[in-house]
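Undergrad: Sequence:
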Amino acid sequence: MPNIATHGLLAQDVLDNAPFTRLARLIERYPKAYFLGSNGPDILFYYHSLPWQSKAGADRFNVMGNLVHSQKIDEFYRKAIEIIQATPQGETRQLMTVYLAGHLTHWSLDTVAHPYIFYKTGAIQGATKYWHFRLESMIDTLMVKQTKGYLLSKFDMPSLVKVDETTKEAIAKLYRPILSEVFDQDASEEELKECVTSIHTLATYLYDPYTIKFPLVQLGESLLGMKWKFSGHIVAGKMDLKRDVLNLNHATWKHPCDGTKVSDESFIDLYHSAIRRATGVLCALNDVLFKDNIVDQLIGLLEDRTYDTGLKNPPEMKHYDPIY
1 MPNIATHGLL AQDVLDNAPF TRLARLIERY PKAYFLGSNG PDILFYYHSL
51 PWQSKAGADR FNVMGNLVHS QKIDEFYRKA IEIIQATPQG ETRQLMTVYL
101 AGHLTHWSLD TVAHPYIFYK TGAIQGATKY WHFRLESMID TLMVKQTKGY
151 LLSKFDMPSL VKVDETTKEA IAKLYRPILS EVFDQDASEE ELKECVTSIH
201 TLATYLYDPY TIKFPLVQLG ESLLGMKWKF SGHIVAGKMD LKRDVLNLNH
251 ATWKHPCDGT KVSDESFIDL YHSAIRRATG VLCALNDVLF KDNIVDQLIG
301 LLEDRTYDTG LKNPPEMKHY DPIY
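Note that the numbering used here has the sequence shown beginning at 1, numbered continuously upward.
Just so you know, these hints were derived from the structure itself, not from any lab.
A portion of the hints provided could be inaccurate.
[What the hints assert, rightly or not] Simulated restraints on C-beta separations:
{"hint": "1", "residue 1": "ILE212", "residue 2": "GLU303", "range": "41 to 49 Å"}
{"hint": "2", "residue 1": "GLY225", "residue 2": "ASP184", "range": "35 to 43 Å"}
{"hint": "3", "residue 1": "SER153", "residue 2": "ALA86", "range": "41 to 49 Å"}
{"hint": "4", "residue 1": "SER273", "residue 2": "ILE124", "range": "20 to 28 Å"}
{"hint": "5", "residue 1": "VAL262", "residue 2": "ASP164", "range": "42 to 50 Å"}
{"hint": "6", "residue 1": "LYS129", "residue 2": "ASP184", "range": "24 to 32 Å"}
{"hint": "7", "residue 1": "ASP292", "residue 2": "PRO51", "range": "46 to 54 Å"}
{"hint": "8", "residue 1": "LYS72", "residue 2": "GLN125", "range": "18 to 26 Å"}
Glycine is no exception: its CB is placed at the ideal position from the N, C-alpha and C atoms.
All chains, full assembly: derive it from the sequences and hints.
TA: Structure (structure tokens):
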């Protein structure tokens, strides 16, 4: 995934140039649902993720998160639209629609950028276990400060994932039947609302615009022999300018699943490709929901491409060249 901030930036860039007029008006009415949606299925990884919470059930939600990222992409969105169309007109249906629009922007950026991130960080296990999150967090910092030119202290990252109870309920009503009917996974509406609450709480702790928390957490990790376990998730103000994190020098890199797929695109190039992809799928979503076009107009653009690889039925990841 890139992290919360980068997904939020992309969602805003897509909205700023929206040719999907009716959907855009609805998003402008419920921006909080849209920006939370831009975190896609990542919310499932936040169930009982706070240090003081019981870990009972956390593994079950991690499994769900991985399933949604890696399987049945077309079925997920087909079912989501079916649920929305079966929901009576009103606020719940509108919130579901806006949330799904944000969710599609997440899919768009992940499918385009995740191969680069995996190639540059290795498998999420062993010595490289925390590097994926470390790179994503630094991408957030660089995208906000270096690319967009904002002060991180003025960019309220936690607000991107803060929603009210009505929105939480709408999201839970959308997600629960998808998990049950598409993935054969059971999650209650209360558990799903807890995921949404926790992502905001954790985002608040991980937001470190003045780079105060980061060195303290790293000191504790060094003492406990757990380097980067927690600090890798912190979005800190200090930029890593020693490494070409965004590949601005256009070094070649390979798709982790296919060594013959070679690119020299920078993360900025990938980001702009993702904007185009997201704009296309949101135009299709607009036409399906508001112009009575068939759902296959949208599904045909998704092509069952997984969030992690951007490929349908991807082979195992084998090709890596970690930046760290």
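Undergrad: Are ASP292 and PRO51 spaced within 46 to 54 Å by their CB atoms?
TA: holds (49 Å)
Undergrad: Does the Cβ pair VAL262, ASP164 satisfy 42 to 50 Å?
TA: The hint (42 to 50 Å, Cβ to Cβ) holds, given that VAL262 and ASP164 are roughly 46 Å apart.
Undergrad: Using the beta carbons of SER273 and ILE124, state whether their distance is inside 20 to 28 Å or not.
TA: At roughly 24 Å between Cβ atoms, ILE124 and SER273 fall inside 20 to 28 Å, so the hint holds.
Undergrad: Taking the CB of LYS72 and the CB of GLN125, does the distance hold inside 18 to 26 Å?
TA: For LYS72 and GLN125 the Cβ distance comes to about 24 Å; the hint holds.
Undergrad: Range hint 41 to 49 Å: satisfied by the CB atoms of ILE212 and GLU303?
TA: holds (44 Å)
Undergrad: Is the gap between the beta carbons of LYS129 and ASP184 within 24 to 32 Å?
TA: Given about 28 Å between the Cβ atoms, the range holds.
Undergrad: For the hint 35 to 43 Å, verify it against the beta carbon of GLY225 and that of ASP184.
TA: Distance hint for GLY225, ASP184 holds at roughly 39 Å.
Undergrad: Do the beta carbons of SER153 and ALA86 sit within 41 to 49 Å of each other?
TA: holds (44 Å)
Going through the hint list in order, the structure satisfies each hint without exception.
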